[in-house]
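Visitor: One-letter residues, chain by chain:
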Amino acid sequence: MKRSSVIRALPGVVALAGLLALPWWAQSYYVHIVALIGVFVVVAVGMNILVGFTGLVSLGHAGLFAVGAYTSALLSTRAGLTFWLSAAAAIATASLVGGVLALAALRARGIYLAMVTIAFGIIVEQVALDRAEFTGGFMGVSSIPPPSVAGVAFPPAFRLYLILAVAGGSLWLAHNLRRSRWGRGLLAVRENRVAAESLGVSRYRMESTAFVLSAGLTGLGGALYAHQNAFIAPNIFTFDLSVLMLLLVILGGLGTTWGPAIGTGVLLILPELISGFEEYRLITYGAVMLACLYLMPQGIAGVFEGARARSYSGEARPGLALEGRPLAAVLSGRAAVDERGRSLVRVEQVSKAFGGLLAVSQLSLEIRAGTIHSLIGPNGAGKTTLVNLLSGFYRPTAGEISFRERRVTGWAAHRMVGVGVARTFQTTHLFPRLTVLENVLVGLHRHLSEGFGQALFRTPRLRTAERRAEAEALAALEFVGFPGDPREKAGNLAFGHQRLLEIARALVTRPVLLLLDEPAAGLTSWEITELDKLITRINSMGVTVLLIEHHMDLVMGISDYVTVLDYGKKIAEGTPEEVQANPQVVEAYLGNEA
Amino acid sequence: MLQATLSGLAVGSLFALIAVGYNLTYAVNRTVNFAHGQWVAVGSLLAFTLLVQWRIPLLITFIGAAVGMGILGVVLERVGIRPMRGHSLSLGFIMSTLAVGIILENVALFWWGSTALYVPPTFGEARLTVLGAGIYPQEILIPFVTTLMIGGLSLLYRTTRWGRALRATAENPEAARLMGINTNRMVAFAYGLGGVMAGVAGVLVAPLTGALATSGGHLGLKAFAVAIVGGLDSIAGTLLAGLFLGVAEQFGALYISTGLRDVVVFGIVIAMLLIRPSGFLGTREDEKV
Numbered sequence: 001m002k003r004s005s006v007i008r009a010l011p012g013v014v015a016l017a018g019l020l021a022l023p024w025w026a027q028s029y030y031v032h033i034v035a036l037i038g039v040f041v042v043v044a045v046g047m048n049i050l051v052g053f054t055g056l057v058s059l060g061h062a063g064l065f066a067v068g069a070y071t072s073a074l075l076s077t078r079a080g081l082t083f084w085l086s087a088a089a090a091i092a093t094a095s096l097v098g099g100v101l102a103l104a105a106l107r108a109r110g111i112y113l114a115m116v117t118i119a120f121g122i123i124v125e126q127v128a129l130d131r132a133e134f135t136g137g138f139m140g141v142s143s144i145p146p147p148s149v150a151g152v153a154f155p156p157a158f159r160l161y162l163i164l165a166v167a168g169g170s171l172w173l174a175h176n177l178r179r180s181r182w183g184r185g186l187l188a189v190r191e192n193r194v195a196a197e198s199l200g201v202s203r204y205r206m207e208s209t210a211f212v213l214s215a216g217l218t219g220l221g222g223a224l225y226a227h228q229n230a231f232i233a234p235n236i237f238t239f240d241l242s243v244l245m246l247l248l249v250i251l252g253g254l255g256t257t258w259g260p261a262i263g264t265g266v267l268l269i270l271p272e273l274i275s276g277f278e279e280y281r282l283i284t285y286g287a288v289m290l291a292c293l294y295l296m297p298q299g300i301a302g303v304f305e306g307a308r309a310r311s312y313s314g315e316a317r318p319g320l321a322l323e324g325r326p327l328a329a330v331l332s333g334r335a336a337v338d339e340r341g342r343s344l345v346r347v348e349q350v351s352k353a354f355g356g357l358l359a360v361s362q363l364s365l366e367i368r369a370g371t372i373h374s375l376i377g378p379n380g381a382g383k384t385t386l387v388n389l390l391s392g393f394y395r396p397t398a399g400e401i402s403f404r405e406r407r408v409t410g411w412a413a414h415r416m417v418g419v420g421v422a423r424t425f426q427t428t429h430l431f432p433r434l435t436v437l438e439n440v441l442v443g444l445h446r447h448l449s450e451g452f453g454q455a456l457f458r459t460p461r462l463r464t465a466e467r468r469a470e471a472e473a474l475a476a477l478e479f480v481g482f483p484g485d486p487r488e489k490a491g492n493l494a495f496g497h498q499r500l501l502e503i504a505r506a507l508v509t510r511p512v513l514l515l516l517d518e519p520a521a522g523l524t525s526w527e528i529t530e531l532d533k534l535i536t537r538i539n540s541m542g543v544t545v546l547l548i549e550h551h552m553d554l555v556m557g558i559s560d561y562v563t564v565l566d567y568g569k570k571i572a573e574g575t576p577e578e579v580q581a582n583p584q585v586v587e588a589y590l591g592n593e594a
Numbered sequence: 595m596l597q598a599t600l601s602g603l604a605v606g607s608l609f610a611l612i613a614v615g616y617n618l619t620y621a622v623n624r625t626v627n628f629a630h631g632q633w634v635a636v637g638s639l640l641a642f643t644l645l646v647q648w649r650i651p652l653l654i655t656f657i658g659a660a661v662g663m664g665i666l667g668v669v670l671e672r673v674g675i676r677p678m679r680g681h682s683l684s685l686g687f688i689m690s691t692l693a694v695g696i697i698l699e700n701v702a703l704f705w706w707g708s709t710a711l712y713v714p715p716t717f718g719e720a721r722l723t724v725l726g727a728g729i730y731p732q733e734i735l736i737p738f739v740t741t742l743m744i745g746g747l748s749l750l751y752r753t754t755r756w757g758r759a760l761r762a763t764a765e766n767p768e769a770a771r772l773m774g775i776n777t778n779r780m781v782a783f784a785y786g787l788g789g790v791m792a793g794v795a796g797v798l799v800a801p802l803t804g805a806l807a808t809s810g811g812h813l814g815l816k817a818f819a820v821a822i823v824g825g826l827d828s829i830a831g832t833l834l835a836g837l838f839l840g841v842a843e844q845f846g847a848l849y850i851s852t853g854l855r856d857v858v859v860f861g862i863v864i865a866m867l868l869i870r871p872s873g874f875l876g877t878r879e880d881e882k883v
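So the sequence lines, in the order shown, correspond to chains B and C. Here the first sequence stands for residues 1 to 594, numbered as in our numbering. Here the second sequence stands for residues 595 to 883, numbered as in our numbering.
The reader is advised that the hints may include incorrect statements.
[What the hints assert, rightly or not] Among chain C residues calculated to face chain B with C-beta under 10 angstroms, some are: (1) 595; (2) 596; (3) 677; (4) 815; (5) 856; (6) 860; (7) 861.
Derived by calculation from the structure, the hints in this document are not laboratory data. Think of the CB as a built atom: it goes at the ideal place given N, C-alpha and C, for glycine as much as any other residue.
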């Protein structure tokens, strides 16, 4: 074990030694090239956090790069600030600009986001050109001083070391981020927005965080570039540069740890290897980009990472880090048992219209704490709409919803999770490219309080919290009877296992109320028996269950109350026996036999 | 001011014509050609070859450029759009079309060189005077051709079998497929039509800016801005936005700074996306759970 890890680290150590020794044997030109690669690794890491982790595509990062470069260059040449201060200002300014940009960009995503970022990039370039009295116009800014300590300027070798340290540092930070709740949240939003929101992960917060962080790193890259190159001009910060930045991460491998470094290395060294390359440079970039999209959508690093199945830490064992407490005690932490029998949810005169169609019409309903309450009715009766209303995915057209005596009408999904409403979906919504364990860990998002800074630096406290979270997640998987490997990608699971995973994931949010939308659909009869037991187990922890189901044996056997909907209206309610005896129910299900 | 308005309208209708290319493809499968500008640029280079080098009459030049770029549009759908469906990055088509654009632009650079090629305006360079403002014949030709093209397009949409299939695909691809419409072919057709628009626009723009391979990026981005401001799914909105942004740009150049005219245009885009992301006449798309 020890020996093999030494062997594995060997190429890295040799490469690092080679890089550190570079200034002592290579021509200064090559030292400069390697330094530039380092600069763009920083940018690529920023790009990877945005494009790789969240799936948002920016085509205006050259603008943020320019903001960083100009801020640092102007502050150090005009105001005489040292590199350290001007670079800090560059990070701050770029982050701020990125935040404002995110406000506009995240209003509309997809193609629109591409447009906002393109527009931003062009505006920055044009302003830099036009406001010559301020930015030097097309002449740019020259004689930008290198970093210095106590007035002594760094020699090229030290500049290289500084840049390599920053590049390595940013790779490390992004790697830490990826493994934290923030990273999982970002990926969850990318993989399945609806599921992420249902687990309390706010898409907006995740995406804007990624945007700002990405902008900050790109701004830092800009500052490093300015001081390494000693000269900047608007014609550097073009749309083409934005495209190149995107290409760096696509080639390297979106969302991977080493992708940004690999992509940058390959793309920037390539032109140096081929003489007379300049003429064909752009064509080659275009061809590389296409080839990459066709042949290895996961990039170079993705090919390697796919080859060796990534294993999770694996140290965590259920029961161990739970400190002896039974899982039920952990999971049911919030479902107050003394509430039992009292009103938990009150739906008052709620309607939901889609255009002219009333999916739910003036519905009133009460769910009592500690019960299993089933919702039945023919297809199109408005059952799933009600679940979407209760879980915050839809806002009622009219009426009020209260939860534990608190008005929650119109609350967003991630807020509803916060007060203890969890759900599953009729068609399972998993994060297919995350592992089973990671899927469950996303459910713990709101219960991991470790902040962004701790996530970036992976502090000991965060490690402890993560280990405990892993244990809890594994315990939840055990609780629902998930039989598979927690390190498997969720997308590879059999259908029944997907269902179990989804329930486990909802459970770790520690719900007071769990909404199960047709959990038995598509399951085998043996699986349904197991599901029956599981729901009873969940309920006996004090969790109130609202069950939507067509499977009448299950519903009638397990429920305390049953509400019957038809055409968005409540047509019957009561104990299973009462409902079964109700002629209106029989009519709705079987039609009027008269 | 009248001067600025008139040339703004002329340039604006040109951008609207280019931007319609985005509308066409966005309607059928929510993708656009991020190299659409390069298509226009190559269209203008074709205009140079046909009109200046081979001395072919204008009408045939229009047809030649339209057909040439239309075919390239169909090719693009095959190499850049269809393979990207189901790519892990949902916006893979942005990257693939950008890549194709880069390749096309650089091939054009080898072929036609990197200096702007002069294409004389068909109806001479003498200015006509309208209400005291000077206007070039070319500036009249542009709105005229734009109107013709968009009119023809809506005729094709409404009256032909292909047009109906195109609208069906745009409305509901699933149902269209079930009705026996080859939706892949429809997407390719839309890309072909987009190419036709670009080719025609290229012939129109050549006398204004000269034919130049590297002029595409800028043209394409500005037209994209027009399509966004107008509403990606509305051709009428695009027309409106083209005229509006054309005039706004000229006024920006007049009253603020010539160098900041693009800033005016793209500033309007960002403002628009903040206030009304669906554009002038576009429809809002609500996400359903």
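Visitor: Any hints from earlier that this structure breaks? Give me their numbers in increasing order, please.
Guide: As far as the earlier hints go, 1, 2 are violated by this structure, in ascending order.
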